[in-house]
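Asker: Take a look at the letters that make up each chain.
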Amino acid sequence: MSEDKKAGAPLLEVRDLAVSFQNSSDPAGPRIQAVAGVSMTIHPRQTLAVVGESGCGKSVTAMSSMQLIPRPPGRFDRGSIRYKGADVLQYDEKKMLGIRGKDIAMIFQEPMTSLNPVYTIGDQIMEAVLLHQKVDRSQAAEIAVKAMDDVGIPNPQARLNDYPHQFSGGMRQRVMIAMALACDPTLLLADEPTTALDVTIQAQILELLRNLQRTKEMGIMLITHNLGVVAENADVVCVMYAGRVVEYAKVYDLFDRPLHPYTRGLFNSIPRLGEVKHRLTTVEEVVGDAEQFKVLPGFEKGIIPWWPDPPEGTTPELVPGRDEYVLYEIEPDRWVGCFRSPYLEDHVCRPPDLDYRKDDLA
Amino acid sequence: MTSSKQDSEKTISGIDVMRGVGASKAKPFWADAWSRVVERRGAQFGLVWIGIIGFFAIFAPVLANGLPIWTIQRNDDGEILRSWSPLLESLTSTDILLLIGGVLVPILLLLPLRATRQWRLGLVCAFAAMAGSVVVLIAFVQYLIAGSDAEVLSASWLPWTVSFAVSAAVLLALFWMVPVRGVPAKLVVSAILLLLTGVICADRWVQPVVTPDRFVRGERDGTMDNIYTVVPWSPTQSEAIFYSRRPTTTVSNAYLMVAEEQVDDGIAFFIRTVVFNISPRIEGLAIDNDARSNLVEFVASGDRAMVPGLVEAGMSDLYIARFLDLSTGLQAYRKGIDEGEVAKATAAADAAVAIVADMEAASRNSKIMIVDASDELRDKVEERIGFVQDAEARSDDSYGRRDFHLGTDPIGRDVLTQMMHACRLSISIGLVSTGISVVIGIVIGSLMGYFGGWVDLVLSRIVEIFMAIPVLFLLIVAASALPRNTYVMMAIIGCVTWTGSARFIRAEFLKLRNQDFVQSCRAVGLPLHSTLFRHMLPNGITPVLVQASFGIAAAIIAEATLSYLGLGPYGQSSWGKLLSLTTGETGVFLWWMAVFPGVAIFLTVLAYNVLGENFRDAIDPKMRKAAH
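Protein chains in written order, with the numbering used here: chain A, 1 to 362; chain B, 363 to 990.
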């Protein structure tokens, strides 16, 4: 592990990223803060799962890493995203074109509309290959066939000349993945890659991604709502809420002992086999319970988990003039989003960075 | 589409489908759209009509030409002096390039070759763009140097230098269009084509002037043997005797009509001179013009039913008898000329003159006028007989048997020929001007739609400014200020009417830019031009294509209107110009001049409109669902 650390410089480091969007036609009007200071780190061969409800800023973070946020209305307020040490937010469009697809690839969540209906899928995969690799058309076709074979599309040679409408949803998602993988990216941003798929296909695709990750030394940011998928596939989990990281931990640590009330709320809302329940506990019930906030070690010192409207009795004393939120490393390798109470006033947080893989345990 | 066949009971299982059993090759997007368009009645009509117009646009100079396709010149002894094709000699460089293209392109596209049809179409388009650019640029250079030294203009090196310089420039600018792999191959293929184009353009630097009359005369003399095309008239060929002839008139008809008109006019002149100059006292009639006209009519027709009227008016029996005799005499005169008997006609003339001589003239002057008219009646017997015989002789030679199928215009030019030659203007003005407008519209519209923000704001204002320009009035103003040729007209129509397509493309792109596949294009790292024009454009261009077909129709109408107003391009036949000649200089309505060009314009505009309509219906998924 220690030798690994030297070689394994992080692939992607998101540091205190804040992104906001213009909300009205008046540029001076109030802006929507989609991401308000998010930090996370992805290492090679590592899967970082980003979970959280819709609109919590997961996709915006991923899109920002490729500068896919339309600007305007979007704007990077602060922070940095370093890919292999260089801040991609400072890149101009031309430099970005060299990275997109080649180094960082992205899989979108909607397979039905993510492919251009006008071209054959072979054309679409090959275009990316021709763009990023110095190959001719026949070689590009071979690479495309190989990529389609890799993602388990039967009879890839024949299907190269088919159009998207001739594929089912699952097949199209595979095509999307084949397209993303054809150029051997080192980082894959998978934005809910399996949400649209049925469970069998979902398992196949995730298995496939895991295998590819092992063989290609690829880092994956897996954006999902599905905690089962997280438990199965992620090495590190980043739980987000309202544009902020509320909890960041190794996957087993998180599932064993979630520290933030919101994370607990998420877990409680999952039905369990063998458990008889009249109805599921909602997230609101958990985060509305003051007791849940007191469980966190160090509560008495004023370490209170950050939450937009904390229940009565847990309202923190805030440091005036500073952001109410701080990501605090409450235990080694475990981060929880907390209120910046006087106790944490001068705390300088180590950015969340876990060079950890489940496979390494075995 | 519904079919009368029963659905098959055989099925292929999903597993087999996965293994590729029963896989049918999907049609490419555009091929599929095209096949849906083509199976519609209206679209078929539109395409067929446009095809006919297009055929004439290319082949009109060969199909309708007053020059013989082949001529054999002999000297007086019957030895062959020269054997050549005046028609080919007279073709312009555009004609020749279009003919070569018109013959080779269908062959290239229809032959079952190994190369894909799409590739061949790309090749044809590239060649057409290159050759077209050369022709247009050379025309432009000619316009620029038109004012320079006569010495330079007549220099033999000028055509070749300009042609090859322009060809080389086009080679460098457009060689990338050729769908061949590798820059050297592209350069070689386009160089071959451009060399050919350059040679043709240099050879036909100015339009060669060969007049058709020469060959008609030669054939009559017996010094030439000519083979003519289907419609043996040039659009500018005319003779005074052909003024405003009805459809299906032949040349000998026209001559005969002129001859008879002349005889009739001569006789009518004589009658009028007599009636208006004899003494009113003796005449015994009230002196007013009505009575005189009445009398003229009586003499001309010899109608005895009019006698009681004349008696009532107070004319003496003597005079009535004299006028009746005069009438009979003139009819004999007419008959004599028609039959070609000089003696008979002269005798009749003498008799008529003798009757008139007995009448008392109104004054000295009147007497002289009557004598002059009498002399003319007698003296012109042989000349008039000559006319008639000449016209009759015409019906024997091939020139005389030529038909004006759709009549002639008031300047004596064949209408059918002009209509055939006008097809090129009609097709090209529509396609080129709309092409220009669609290209500008697509570029500006896609920038507006994709970027939004201030780009959209600024360009939208520009669009609004251009929308406020009335095209027709601009064209009328331009007709007075700029050279009046088709290129200028196309450029003006194209540069002003792009706003429609720009707005359509903008709307489509606004919708498309948020679609996932566009995001995924960007995520893959495709450059902007590829995202915009390769991926977004094909998904958003259908409304523009529909609009373009209406735009073509509008451009044709604009050209016809302008030509109708007499502001159309110089030296070009045009349907609008034919329409403007419907009422000739005499103010007589010539129905064939209104009907044929009118129907042609109507059908062409209808064809484009119907095509656009059907295209929209075939592409629009909502309509498709309704059709099923």
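Treat the hints with care, as some may be off.
[To be verified] Calculated lysine to any residue pairs in the SDA-like style (CA-CA distance at most 20 Å, straight line):
| # | chain 1 | residue 1 | chain 2 | residue 2 |
| --- | --- | --- | --- | --- |
| 1 | B | Lys873 | A | Leu68 |
| 2 | A | Lys134 | B | Ser452 |
| 3 | A | Lys134 | B | Pro889 |
| 4 | A | Lys134 | B | Asp765 |
| 5 | B | Lys873 | A | Glu110 |
Rather than coming from a laboratory, the hints here were simulated on the basis of the structure.
Asker: Does each hint hold? Answer for all of them.
Answerer: To see whether the hints hold, each was checked on the structure:
1. B:Lys873 <-> A:Leu68: holds (17 Å)
2. A:Lys134 <-> B:Ser452: violated (53 Å)
3. A:Lys134 <-> B:Pro889: Given that 20 Å is the threshold and the Cα spacing comes to 16 Å, the pair holds.
4. A:Lys134 <-> B:Asp765: Between Lys134 of chain A and Asp765 of chain B the Cα gap is close to 68 Å, so the pair fails against 20 Å, i.e. violated.
5. B:Lys873 <-> A:Glu110: Holds, because 17 Å separates the two Cα atoms, which is no more than 20 Å.
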